[in-house]
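Enquirer: Fit chain B to the known structure of chain A by using the hints.
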Amino acid sequence: MRPAFPPSLGMKLLVAFAPERTKEALCGDLIEEYRRRRSRVWFWRQVAVALVLSATHEAGSKKLYTIRALLLGYVVATGLCYFTTSLVALFVSGYKAYVVFLPFVFFSAAASGWAVQRSHGKPMVLVFAAFCIALSIASFAAYAWLPIYPRYPTAANLREIPIPVLAFFAASDFVVGPIGVLLGGLLGSPGGNSSSRSLVC
Amino acid sequence: MADRPGHFDLMILLAVLRLDDDAYGIPISAEIETTTGRSVAIASVYAALERLESKGWVSSRVGESTAERGGRAKRYFRVTGKGIRQARDAKRALVKMWRGIPSLQEGTT
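Here the protein sequences come in this chain order: A and B.
Everything in the first sequence is counted per the working numbering, starting at 1 for the first residue and increasing by one.
Everything in the second sequence is counted per the working numbering, starting at 1 for the first residue and increasing by one.
In short, the hints are calculated from the structure, not lab data.
Source: prediction; values computed, not measured.
Do not rely on the hints blindly, as some may be mistaken.
Label pairs and their in silico Cβ distance ranges [said to hold, decoys possible]:
1. S86/A x G63/B: 54 to 62 Å
2. V75/A x G37/B: 42 to 50 Å
3. T36/B x H57/A: 19 to 27 Å
4. S8/A x E64/B: 19 to 27 Å
5. G37/B x Y65/A: 38 to 46 Å
6. E64/B x S86/A: 56 to 64 Å
7. R92/B x L9/A: 42 to 50 Å
We put the CB at the ideal spot given by N, CA and C, even for glycine.
Bound conformation, chain A alone (with noise of 0.2 Å):
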């Protein structure tokens, strides 16, 4: 038997959002197998699996109530993410505006998820979490083909955007966003703590 716990973030995930009813057998059954022969990328596979299948259960059982908190989510974060972004681009210039911008980005995701949490339930940060995902998805695509690209009128596609622009648009939307969102969740859970907490003891 292998000594080790399974990763504590992926077992706060799921004790944050997995489902009710069965969050404490499936826990257990991860920490068992992890802890008999199973490797780390198994047990994220199967946090991904769980949170994933969790989203899309919420999602599907309550659609208005989703909508209301993706909207939320959504008026949170972007409205927080220009207000800071934008007093920090009065005193920075260049690209390395974008390196100071993406502790703001986490600031504006995590507070939109701590904001969906405490009003919507934790369920709806992990919908709203893969909302973000999904709309960055979009949009990557959107720019890729489509000639939008406000701020850089002669950029005909994705291709012709700037790397460091482009670097920091991968990592605010892909990685910063949806962590900060998560994480955010996690911190505006009253019962997160405690409960993550003996898993690890």
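Expert: Below, chain B without anything else, positioned relative to chain A:
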């Protein structure tokens, strides 16, 4: 139209029946993997079992929690009489559909 088990639901029902008293997430997932060669995520098994339980085709009970599982309890499943009838009906319907199709008979390619 009557509710019928889908392909994955049927596999879950059969795996729970085969495992009898030891039917919880890991063995169910392993049983499907060994029998069909198809890898199944444990979360998918629980999602399907929750759906089947809401239809009354399986029932569950909370089992023991062990240190090996970080103090987390197991959830054992059992197929109900209604679930067994559903599995039988599904088999009957499939066998009926199978009959009389030459390309599906054993020994043909």
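Enquirer: Each hint needs a verdict: does it hold in this structure or not?
Expert: A quick look at each hint next to the structure:
Between S86/A and G63/B the C-beta distance comes to about 56 Å, which sits within the given range of 54 to 62 Å. Checked against the given bound of 42 to 50 Å, the beta carbons of V75/A and G37/B, roughly 48 Å apart, stay inside it. For the pair T36/B and H57/A, the supplied restraint of 19 to 27 Å holds, since their beta-carbon distance comes to about 24 Å. Evaluation of the 19 to 27 Å hint for S8/A and E64/B yields a pass: the beta carbon distance comes to about 24 Å.
Distance hint check: the CB atoms of G37/B and Y65/A are about 40 Å apart, consistent with the given range 38 to 46 Å. For E64/B paired with S86/A, a C-beta distance near 57 Å keeps the hint of 56 to 64 Å intact. Hint check: R92/B to L9/A, Cβ distance near 48 Å, so the stated range 42 to 50 Å holds.
Hint check: no violations occur; every hint is consistent with the structure.
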